[in-house]
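Protein sequence lines correspond, in order, to chains Z and C.
Going by our numbering, the letters in the first sequence line up with residues 145 to 735, in that order.
Going by our numbering, the letters in the second sequence line up with residues 581 to 752, in that order.
Note that these hints are calculated values from the structure, not bench results.
Each residue gets a CB set at the ideal place from its N, CA and C atoms; glycine is no exception.
A portion of the hints provided could be inaccurate.
The calculated lysine-lysine pairs, modelled on PhoX-like cross-linking and capped at a C-alpha distance of 25 Å, are [what the hints assert, rightly or not]:
no., chain 1, residue 1, chain 2, residue 2
1, Z, 431, C, 642
2, C, 646, Z, 466
3, Z, 334, C, 646
4, Z, 286, C, 592
Here are some of the chain Z residues that sit facing chain C, going by a computed Cβ distance under 7 Å [as the list claims (entries may be wrong)]:
no., residue
5, 266
6, 271
7, 273
8, 324
9, 325
10, 327
11, 328
12, 610
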Amino acid sequence: MKLTGAEIFIECLKREGVKTLFALPGGVVLKIFDMLHQQKDVEVILTRHEQGAGHMAEGYAKATGKAGVCLVTSGPGMTNVITALADAYMDSVPVVCFSGQVPTSLIGNDAFQEADNIGLSRPCTKYNFLVKDVNDLAATIKEAFYIATTGRPGPVLVDIPKDVSMAKADFTYPNSVSIRGYNPTVEGNKWQIKQAAEAIMKAKKPILYVGGGVVFSGASQELLELAEMTQIPVDMTLMGLGAFPGEHPLSMGMLGMHGTYQANMAMHYSDLVIAIGARFDDRVTGKPSEFCPHAKVIHVDIDPTSIRKNIHVDIPIVGDCKSVLRELNQILRATVNGEQKDLRKPWWDQIRDWQQAHPLAYHQEKEGPIKPQQVVKRLYELTKDRDPIVATDVGQHQMWAAQYFKLAKPNRWLTSGGLGTMGFGFPAAMGAQAAFRDRLVLCIAGDGSIQMNMQEMATAVLSKLPVKIIILNNGFHGMVRQWQDLFYEGRYASSNLGTTPDFVKLAEAYGAVGLRVKKVGDLDAVLKEALATDKPVIVDVPTYPYENCYPMIPAGGCNHEMILEDPPELKMKQSGGAKVTPEDKDTVLTA
Amino acid sequence: MDHIISVTVENKFGVLSRVAGLFSGRGFNIESLSVAPTLDPSMSQMTIVTSGDERIIEQIVKQLNKLIDVIKVVDLNETEFVSRETAIIKVHTKDVDRAEALRIVDIFRANVIDSTPTTYTIEVSGDPKKIEAIINLLQPLGIKELVRTGRVAVAREPVRQAAVQAKKNARE
Ligand SMILES: Cc1cc2nc3c(=O)[nH]c(=O)nc-3n(C[C@H](O)[C@H](O)[C@H](O)COP(=O)(O)OP(=O)(O)OC[C@H]3O[C@@H](n4cnc5c(N)ncnc54)[C@H](O)[C@@H]3O)c2cc1C
Ligand SMILES: Cc1ncc(C[n+]2csc(CCOP(=O)(O)OP(=O)(O)O)c2C)c(N)n1
Ligand SMILES: [Mg+2]
Chain Z
145 MKLTGAEIFI
155 ECLKREGVKT
165 LFALPGGVVL
175 KIFDMLHQQK
185 DVEVILTRHE
195 QGAGHMAEGY
205 AKATGKAGVC
215 LVTSGPGMTN
225 VITALADAYM
235 DSVPVVCFSG
245 QVPTSLIGND
255 AFQEADNIGL
265 SRPCTKYNFL
275 VKDVNDLAAT
285 IKEAFYIATT
295 GRPGPVLVDI
305 PKDVSMAKAD
315 FTYPNSVSIR
325 GYNPTVEGNK
335 WQIKQAAEAI
345 MKAKKPILYV
355 GGGVVFSGAS
365 QELLELAEMT
375 QIPVDMTLMG
385 LGAFPGEHPL
395 SMGMLGMHGT
405 YQANMAMHYS
415 DLVIAIGARF
425 DDRVTGKPSE
435 FCPHAKVIHV
445 DIDPTSIRKN
455 IHVDIPIVGD
465 CKSVLRELNQ
475 ILRATVNGEQ
485 KDLRKPWWDQ
495 IRDWQQAHPL
505 AYHQEKEGPI
515 KPQQVVKRLY
525 ELTKDRDPIV
535 ATDVGQHQMW
545 AAQYFKLAKP
555 NRWLTSGGLG
565 TMGFGFPAAM
575 GAQAAFRDRL
585 VLCIAGDGSI
595 QMNMQEMATA
605 VLSKLPVKII
615 ILNNGFHGMV
625 RQWQDLFYEG
635 RYASSNLGTT
645 PDFVKLAEAY
655 GAVGLRVKKV
665 GDLDAVLKEA
675 LATDKPVIVD
685 VPTYPYENCY
695 PMIPAGGCNH
705 EMILEDPPEL
715 KMKQSGGAKV
725 TPEDKDTVLT
735 A
Chain C
581 MDHIISVTVE
591 NKFGVLSRVA
601 GLFSGRGFNI
611 ESLSVAPTLD
621 PSMSQMTIVT
631 SGDERIIEQI
641 VKQLNKLIDV
651 IKVVDLNETE
661 FVSRETAIIK
671 VHTKDVDRAE
681 ALRIVDIFRA
691 NVIDSTPTTY
701 TIEVSGDPKK
711 IEAIINLLQP
721 LGIKELVRTG
731 RVAVAREPVR
741 QAAVQAKKNA
751 RE
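Chain Z with its partners taken away, still in its complex shape (with noise of 0.2 Å):
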C-alpha cells in the first residue's frame, strides 16, 4: 500500500521510538500536522516559539540520551529554530529537526516563506538533507537518526518540501545505514592505550579532566571505576558535571574560568592530564600557551578534530570513552598496586591543602539579603534525595549551580556550554519533564535569561509539565554587571535590568503557580512549599544585586591567577549597603 510523505514520517518516528515531538505549525506542513492530529503513539507538544521546540529537543535528548525532536514551518519557523540547532551543535546534543519546505516547483522563486533552509543551518548542524523526491523520505529520515546519534552526537535537519509530504510512495523502512563518508572510530588504538597505561603509572601528579563526551558514551561507570582504582583526582569541566559523583571525595568539582581554586590548581600543577571527551575549550585552558605548563596530555575523544585543536597533545587516542576506559582499566587492573599510592601522596597532601586554604565560600547573614548561593545549595539539600534534573538559563546563576549542586549521576544536568544561550534553560526542562513525567525538573534561572522564552510557560501548562523555575532574581544582568565592576571600572551599560515583571503574577497569569522569598528566613518554606505542588511553579527570589562569582580567571588569563574575592575598591562599595545605582557608586568609589 502506498502511503503519503506525511504518512512516512509518522511511521518513520514510530520505527525509531519517537514517543514526543516539539512543534509548531505553518502552511507548508499543515499536512504533516493533519496526520499527525489523527495517531496516538506520537505525542505532539505545541510550543510558542520554535527556539523553545528547538530546546526543548535538546532537553529531552540530554536527559534521555536519545534523539530530541522537533518540528518547524518553513520561512520563519526555520528562522527561529536556527538559535536552537546551533547550541545544539556547539554542546554535541542529538536533536533532528524536520523543516517544511515551500513546494518543489517554488524552490528558489522567492516564494511565499520561502527560505534557503539549507544554507542557513549548513553551519550549525553535523549534516542537513533536503528531501526532493518522496521515495527518499524514509531512507533519509533513518539516516538523520543515524547521523545525529552516532561518532560525536549533533543536530540533523531535514528538509521536506509540502508536496512530499502530500505525494505517495511505497513504504519500507531500512534496517541498517551504510554511509561510505562516515565511519566513526568506536575503539581506540591498542598500542597507544597501553601507552596511556604506563605514563598513567608513572606520573606522580596526575589529573583527570573529564567532559560531555563521558556523558554521550555513558562511560561514568567506568570512569569511576578508573579514578578509584588509581586514586587520581577528577576535575570536570561544565558540560561534564554528573559524569562523576559531586560528593565523591575524588571529586574537585568544576575547572575552568569559574571552576573551583583545587580543580584550577590541581591541572596548573599536573604532570600527567587524562583528558576524556572533553575539548579544551577556552573557558577551561585560559592562555593556551601557559596552559599545564608542567604536563604531558593524554586525550582521548571520538573526534579526530577534538584532539590537537588548542592544545598539543602527547597521547592521542581516537574512539568512544566507555570502550577506550574497558580497555584502559583492563590494562591498569592488571599493574596497579600500593607503589602509586606513595608516589602520589605528596600529590594528595597539596590538594587538600589548596582545598582547604579556598573552598568555595560566600556569606548569608542571617537578617541579610539573600545571596544566591544560599538559594541553590538549600535548594540541593531540599531536593538531593530525588534525584533530580536540573536546567539553567545562562549567567551567574549557571555558574552558582554548577557550584554547589553536586550532582551524583549523568544525564541530569542540561545547560548551554559552548554557545551560551539565554533562555535555554527553561524549555530544556520542559523538554526533560516530557521525558520524565514523574521526576523532579528544576530550573535554574536568572531573571535576564528567563524573560528570553518565558512565552513556553503556556506550553507548559497546557502539556502539564510540572517544571520548577528558581530565579535568582539580581535585577541585572548579573553576569554582564560582574565584568563591568572588574573590568570596565563598574560603569553599568545596559546590565541593568530596570525593570523586571513581576513574576508571580505573570505565572499566574499563564495559570501556574507564583511564589515569591521575601526574607532568607522564609527560604526553606517556599521551596518546600514549590516542590510540593504538581502544576509548573516560578519562584521568584530577590537576591543580592551586586553579588560576583568566584573563582574567576578573566579571559585569558592563566589558570593558577584566581581572582578569589571581590577586588578592595568593590568591596568598599558594597559596604555601603542595599541598592547602590551606577551615580551614586560612584561616589564611593572616589571618597
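Given the coordinates of chain Z, work out where chain C with the ligands should sit on it, guided by the hints.
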C-alpha cells in the same frame, strides 16, 4: 608553504558549499580549488591548494575528513606528487608584437587557440612556476584577460613498486 590536498567527495548537490563553508567558517585559506567528476560518476575529485602551518593543515585535513560527504582525503605534500595547471591568456598584439608573442608561445610549448588581427588567445599548461613565467613575459605586450584553472594534482606511484608490478605483469 602551499599545501595540496586531494579530496574525494560524493558527487551531489551542496557538497561544494559544505567544503567552501568549512574553509570560510574556520578562517582557513583557499588559494585554488578545482572539482570534476571521477571515473565513477557518483564521486567527484577536488584539488584544494591551501596554506598554513602544520597545526592548521592537520586541522584542515581532519575537518575535511569529518564532513560526511567526504570519502577520502590525501595530503599530497606527505608524498611525491605531480601537479599541473592550465591558463588561458588573451594578449593584445600590435603588429610588431605578434612575432614576439609567437616566440614566447614556442618557448613555453604553449598553443595559440584563437587569433584576431589584434589579439592572440594562448593556452599553456604546466606547474605554477611555468605559468607565472609566461605571464611575466607576456605582460609587457598587454594582457587583456587571464583565466587559470587552479592546480590539479595526483600522487606519484612509488617507482620501485611500479617496476615490480610491471615485471609481474610481464611474466603472466
Ligand atoms: C557563562 C559561561 C561560563 C562558563 N564557564 C565555564 C567554566 O568555568 N568551566 C568549564 O568547564 N566550562 C565553562 N563554560 C562552558 C564552556 O564554554 C564549554 O562549553 C565547556 O567547557 C565544554 O565542555 P567539554 O570540554 O566537556 O566539551 P563538550 O562540548 O561537552 O564536548 C564533548 C567532547 O567530547 C567528545 N565526545 C563526544 N562523544 C564522545 C564519546 N562517545 N566518546 C569520546 N568523546 C566524545 C566530543 O567530540 C567533544 O570533543 C562556560 C559557559 C558559559 C556560558
Ligand atoms: C541570547 C544571549 N544574549 C546575550 C548573552 C550575553 N550574556 C551572557 S550572561 C548575560 C546576563 C544574564 O542575565 P541573567 O539571566 O539575569 O543572569 P545573571 O547573570 O544575572 O544570573 C548576558 C546578557 C547571552 N549569553 N545570550
Ligand atoms: Mg540576573
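Going through the hints against the structure:
1. 431(Z) <-> 642(C): holds, 24 Å
2. 646(C) <-> 466(Z): The given pair, whose Cα atoms are some 21 Å apart, holds under the 25 Å limit.
3. 334(Z) <-> 646(C): Cα-Cα ~22 Å, so holds.
4. 286(Z) <-> 592(C): OK: residue 286(Z) and residue 592(C) at ~19 Å, within 25 Å.
5. 266: Where the cut-off is 7 Å and the nearest Cβ of chain C is about 6 Å from residue 266(Z), the hint holds.
6. 271: Status holds, d = 5 Å.
7. 273: At about 9 Å, which exceeds the 7 Å cut-off, the nearest Cβ of chain C leaves the hint on residue 273(Z) violated.
8. 324: Because about 6 Å separates residue 324(Z) from the closest Cβ in chain C, which is inside the 7 Å limit, the hint holds.
9. 325: holds, 5 Å
10. 327: Nearest chain C Cβ about 10 Å off; hint violated.
11. 328: violated, 10 Å
12. 610: Where the cut-off is 7 Å and the nearest Cβ of chain C is about 40 Å from residue 610(Z), the hint is violated.
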